[in-house]
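Since the structure of chain A is provided, determine the placement of chain B on it from the hints.
Protein chains in written order, with my numbering: chain A, 1 to 243; chain B, 1001 to 1229.
Bear in mind the hints are in silico, worked out from the structure with no lab data behind them. What you are looking at is a predicted structure, and each value in this text was computed from that prediction instead of being measured. Careful, some of the hints might be misleading.
[To be verified] Cβ-Cβ distance ranges computed for the label pairs, FRET-style: (1) B:L1174 with A:P118: 44 to 52 Å; (2) A:V14 with B:G1062: 27 to 35 Å; (3) A:Y3 with B:P1178: 50 to 58 Å; (4) B:P1013 with A:I8: 27 to 35 Å; (5) B:L1102 with A:R32: 50 to 58 Å; (6) A:A139 with B:G1062: 20 to 28 Å; (7) B:R1086 with A:V14: 47 to 55 Å; (8) A:Y3 with B:R1113: 50 to 58 Å; (9) B:L1066 with A:E145: 24 to 32 Å; (10) B:A1105 with A:L25: 49 to 57 Å; (11) A:L236 with B:R1157: 38 to 46 Å.
Glycine residues also receive a C-beta, built at the ideal position from the N, C-alpha and C atoms.
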Amino acid sequence: MIYAILLIALLLTVISAMRARTIALRAVPAYRSLQQRLSEAVESGRGTHVSLGSSALLDESALTAMASAELLYQAASRAYGGDLPVTASLSDPVTHCVAQDRLRRAYLLRNRLDTFKPTLARWYPSGVSSLALAAGVSASLLDEESGFALLCGRFGTELALIAETSVRYDRDLLPHSTQIEGQAIAYAASAMPLLAEELFVGAAYLEPTPLHIGGAAAQDALRYLAIVFLIALAALAFLGVNL
Amino acid sequence: MTAPAKPRQRLRPGAALLAALTIAIALITLLGLEPVATLPPELNRTLSALSQLFIQLVAVIGAIALLLGVLNLARFHAAQLRSFPRGLYSLLLLIALLGVLLVRALERGGILRIGDGTTATLSLTILDVAQVAVESALAGLIFFALVHGAVRLMRRRVTLWNALFLAALVIVLLGFSPLSDATLLPVLREWLLSVPVSAGARGLLIGVAIGIVVVGVRVLIGRERTFRE
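Chain A on its own, in the form it takes in the complex:
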């Protein structure tokens, strides 16, 4: 089953990538506003903080961690020119190495490697429910004068604590979570949150190469396939067909 799904996804990605020029991606308001929000943070002399939550390379959220790290790279490569550097936080030690690497690559891309320090990516020890991370990020937003907080990856209800700090101290917030609880809080906390699966197509909107556009189109196509499949199953069940 998993091989069939992977094969379909691969075929859809490759076919869509070949036709990337003709594909118009659906609008994702959060990505449309990301550049402006990063610019506002830079122009107000404040920093940007990107938190990857408890996304971890060593468990089932490995690919979420990879997608979040990509968004960290995109944000850092856009906000590199600020007075204050872009900082990152997470609670998985292996993902911490990836976050450091992405920050370094972003600064290298802009020839600002002198600004990069390994401590810009911070590890906060915590489990799946990252309350220590939430406390650390909340403190970091205030201590380091971060004007914009991008929360992407795996967050549970602890996202509410970070969101509360952001709103109370007038920090711009773009939240996201692959967890149901976190996503619900993200919706309540922000006018323009990033919705669950939108994290995985970030590169298609921020660095639109044919493969990234192909991936985003394949994701949409797979979603429609899943919807059709579910409706068909429900219709069959309604008609009394037992599969």
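Quick look at chain B alone, frame taken from chain A:
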């Protein structure tokens, strides 16, 4: 401040080797974890053993990364000591870190014995008293943050979806309250949780799973940033 420049397309031998290794290891691990019935049983057994070996190696890497994480944390807070009063929290953190490390080392060495001496009683007690208590207190705050978020949502702009969010929150919270015994609220709460909430949650999780598959394909064909640049 502009979008990142288009990445260089020139193939670097190091990146190509890294991509080849990653693709091979990913495929072997996948085949080991999800054996293909049409492959010979002997090959499936070999692939399974190899995938287990890779997973064990990853666990070792995780332990080393944990050490690096602790060092990074200590390094960052050591640098913070220069500023006051912010440095005070960093000082507390460093003292706590060194203290717990010392206690654990003494326990492991058999110098510090509390109770029957077979379990690390003191370090576990420190964890329970400090970490668990503080995390529980923080968890208690989440309820207020949620309600505040819902109210703020309505103050910002009243839309049908915002009103629905607030109504659902109020019904679920009141449904759990002791007052709910005499009303229709528990039934409504159960229906909300088992039908629309459950359906929405599954829809969201299916979306995430599809996104993960697409990113997985990108990694499997070696088009992840780590291998490209």
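### Task
Could you tell me which of the numbered hints above are not met by this structure, giving the numbers in increasing order?
Failing hints: none at all.
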